[in-house]
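With chain A's structure known, arrange chain B on it following the hints.
If you read the protein sequences in the order shown, they are chains A and B.
Using UniProt numbering, read the first sequence as starting at 1 and increasing by one per residue.
Using UniProt numbering, read the second sequence as starting at 1 and increasing by one per residue.
Think of the hints as simulated: they come from the structure by calculation, not from any bench.
Possibly wrong hints are sitting among the right ones.
[What the hints assert, rightly or not] Residues of chain A clear of chain B, computed beta-carbon distances all greater than 10 Å: (1) F80; (2) P275; (3) R278; (4) A380; (5) M492.
[Stated by the list, open to error] 25 Å max Cα-Cα, derived SDA-like pairs, lysine to any residue: (6) B:K112 to A:P373; (7) A:K501 to B:T138; (8) B:K112 to A:S313; (9) B:K112 to B:N185; (10) B:K129 to A:R371; (11) B:K158 to B:G11; (12) B:K112 to A:N394; (13) B:K112 to A:T395.
[To be verified] Computed, partial: chain A to chain B, Cβ under 10 Å: (14) T20; (15) E22; (16) R141; (17) I386; (18) A387.
For every residue, glycine included, the Cβ atom is placed at its ideal position computed from N, Cα and C.
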Amino acid sequence: MPGTASPERDIVATPVQRATREALYAGAIALGLFVLFIGLKTDQNISNELILVPRWPLLAAVIVLTMAGRFFYVAYGQPFLASQKVADIATGLLPDSVATRFFRLPYFIAAIAIVAVLALLAGSLDSLLGPGLAGYARFARALAIIYALASVLFYFRSFIHAHFSVLGIAALAVYPIIVVLVLALYSGSMAGGFQGSLKWVDNFGIQILIYVMLAWGLNIVVGLAGLLDLGYVAFYAVGAYAYALLGTHFGLSFWILLPAAGAMAAFWGVLLGFPVLRLRGDYLAIVTLAFGEIIRLVLINWREVTNGSAGISGIPKVSFFGLISFNVSDPNYIAKVFDIAQSGAYYKIFLYYLILGLCLLTAFVTIRLRRMPVGRAWEALREDEIACRSLGINTTTTKLTAFATGAMFGGFAGSFFAARQGFVSPESFIFLESAIILAIVVLGGMGSLVGIAVAAMVMIGGTEALRELDFLKQVFGPDFTPELYRMLLFGMAMVIVMVWKPRGFVGSREPTAFLKMRRAVSGSFTKEGHG
Amino acid sequence: MAGTTLLDIKGVQTYYGNIRALNGVDVTVKQGEIVALIGANGAGKSTLMMTIFGAPRARAGTITFAGTDITQLPTHEIARMRIAQSPEGRRIFPRMTVMENLQMGASLDNLKHYEEDVEKVFTLFPRLKERIAQRGGTLSGGEQQMLSIARALMARPKLLLLDEPSLGLAPLIVKQIFDAIRELNRTQGLTVFLVEQNAFGALKLATRGYVMVNGNVTMSGTGKELLANPEVRAAYLEGGHH
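So that you can see chain A by itself, here it is in the shape it has in the complex (with noise of 0.2 Å):
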C-alpha cells in the first residue's frame, strides 16, 4: 500500500541509505532558504546603478556543505548518539562516555610535548615555517594548551565540583601573578612580564570581572526577585557618570565617591522602583527598558552638565587609599616608593584587585541577604506576589529594597568603570550592555553566583578572545576582523546553550536553610528531563 510505505522504508533503509535521503531534503531546503541571501547580491557598479552580482559558487559550497553536515550526522552521529545510551548487554555498564575518549593520557602526553616544542621555537618560527604556517603553528599551540588545561579539569573534575567557589577565587586571587611570572620567564625579564600582563589583566580579568559585579548585581533584581529589568545599564551609568563628575568637578576621592555612587544609583533605583510596583513581566520589562533609554538621553543631551555625546574624559585615577598613587608625577607614585621601573602595568593589577574585591563584596552581600528575611522575601516574591501579601510582608518595600540594592552595585560597578577607563561617553551604557547583562544572568541560571561568574566568564572572555584570533585573516583574508563576529557567536552560544541546558548552566537553586543536620537533595528533582 502506497500510504504505509514510508514508515515501512524507514525501519529497512540502512542508516547511510537514510543519511542520503535526508541529505537531499536538505539541501534542498538550504537552497529555498540560501538562493536570495547567499546566491543574489545587489551592488553598485560605476555608474551607481544597482546591479545583481550573482554567487552561485558561494551558494553551491554553502549547500554542500549543509548536505554534508546532515548526512554525516544521520549516518554517523545519531547512531552513535544512540550507543551512548545502550548499556553493554553482558556488563550492565554503560560505554566510555565521550568525554573519557576524549581525555586520554598519550594526547595529554602529545599536547603537552607539542606546547613544549613549539615553545622552545617560539622566537624562530617565523623564519622556519614562514608567517602563514607559522600562525597556524601558534593556533596549534594555542590549542594545546587548551586540550591540556582541559584534560587537567576532567581528571580532578570531581574535586573541582566539589570546592569550586574556593578553588575559584584563589584562582582568581593569584590570576595577575601568574600571569606575570609567565610572561617574566618568557620575556626573560621583570619587566616585560609586567609589561606583557597589561592584556591579560585588563582585557580579560578585568572587563569579566566587572560583567561579573553587574550580572551579579542584576542577578538581585531579576534572579532572586523575579523583577524583569532591562534598563539595568542605567544605573552603570550613574554611578560612573557620578565619579567622573564629582571626581573631575570636586576632585574627591574614589573612595569617597564609591559609596557615594552607589547611594545615589540606589536612589534612582527606587525612583524607577515606584511607578513600576504594580507591573510584572513584560510590562514591567518595557517601562525599564524605557528608562534606560530616558538616563542615556539625558547624558546625550544635558550638556552643560555631562558634556554630552563627547563624555568626560581626565577622570583621576584611584589610589590606594591616598597612601599610594598611580599618577607618575606624584611624589608618593608606586614606583618611586617601591623604587621599581616605571608601568602601566601595577595600576591594571591594583584596578584587578579592587574589582575583585568589590565582585567578592557583592557575592557576600547577595549571600548574606539571601539568608535573612528580606532576601527569603525576594525570593517569595518571584514566586507568588499574592501568597506574600497574605503572610504579612510588605511588597511593597520588598520590590523598592530589591531595585536599591541591585542598583547600588550597578552603581559601584559605573564608578569603578569610570576610574578605570579615565573617560566616560553616552555609548558606554547603550541598551546592548544591558542584553549582554541580562544574558549573562540567563545563561548562569537565574539565582546561581557561580553559574553567572561562569556565564560572563565564557561570554566575556570569549567575546575578548576572537579579537586575539589573527591567524584566521589568513583564513579568510586581510579583510576579516574577527570581533566583527562576536554577537553571532554570543546568539549561537546562548541558542546552544538553552537547548542543552534550559535553565542555565546552574539551574537548580540552592536552598538556604536547613534543620540542624543538612540531608541532601537530589538533584534530579529539579533538572530537566534528559535521557
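Just chain B now, kept in the frame of chain A:
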C-alpha cells in the same frame, strides 16, 4: 464555648470591574468556632475569602476583626492582625523547600517562635517532616495542601482561613486534613473559617455553617441543622456523598 465575635462581616459588596460578585454579605465568626461556608461554583465563596484580605477590596460594607475595622487596611497589614490564610490553589512557593516555605510563614515574628512552632506543625503533619528539604513544587497535591495550612499556622494566627482544603485530594487525605483542623480547634482553640465544595465533610466538621448562592448568603445555622435541612441536602449533598 461560643465566645466573643472575632470576625464580623457586614453588608459586604465586592465587584470585579462592574460585575458584582458579593451582594451584601453578612457573616460572623466567633472565638473558638469552626465556621463553614458552602456553595456551588461561582457563588462567591473564594471572593469573600479574598475580600477579607482586601484583594479585591469591598466596595461597600465593613469587615471588623477583633474590634478593629480592617476593611481598608492593606493586605499585609491585615495579615499582621494575625489572620492567616491557606488560599485557593494553595499558593505555596514551588522552588523553595518545605522548610523555607514554613520560614516564610513565620516571617511576621521574624522567626522568633520558629523552632517551637515547626515542631508543633510536624506533629500535626508528620509527612511534612519527611519532606523538609524537598522543594514545594515536587510535593504531591495533599502534601502541598498540608504545607499551605502549616505555613499559615506558622504565623500563630487568631483566625485561620481555609479555601477549599479538600480540592482535588483523595478521600483519605481529605480526612487527614479535616482531622487536623478539628484537632487544632479542640486543643488550641483555633478559630477556623473554611470555604468548601465538599459540603458534607465541611458541615460535619463545622460548629456553624453558611450557604452562599450567587453572591448572597441564603441560609445559616449549626452544622447539624444544615446537614438535616432538605434544601441543603437536595442542592449540595444528595448524590455527592463522600
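Against the structure, the hints come out as follows:
| no. | hint | in the structure |
| --- | --- | --- |
| 1 | F80 | 34 Å, holds |
| 2 | P275 | 19 Å, holds |
| 3 | R278 | 12 Å, holds |
| 4 | A380 | 5 Å, violated |
| 5 | M492 | 29 Å, holds |
| 6 | B:K112 to A:P373 | 12 Å, holds |
| 7 | A:K501 to B:T138 | 20 Å, holds |
| 8 | B:K112 to A:S313 | 54 Å, violated |
| 9 | B:K112 to B:N185 | 23 Å, holds |
| 10 | B:K129 to A:R371 | 21 Å, holds |
| 11 | B:K158 to B:G11 | 23 Å, holds |
| 12 | B:K112 to A:N394 | 19 Å, holds |
| 13 | B:K112 to A:T395 | 21 Å, holds |
| 14 | T20 | 46 Å, violated |
| 15 | E22 | 39 Å, violated |
| 16 | R141 | 46 Å, violated |
| 17 | I386 | 6 Å, holds |
| 18 | A387 | 4 Å, holds |
In this structure, the hints that do not hold are numbers 4, 8, 14, 15, 16, in rising order.
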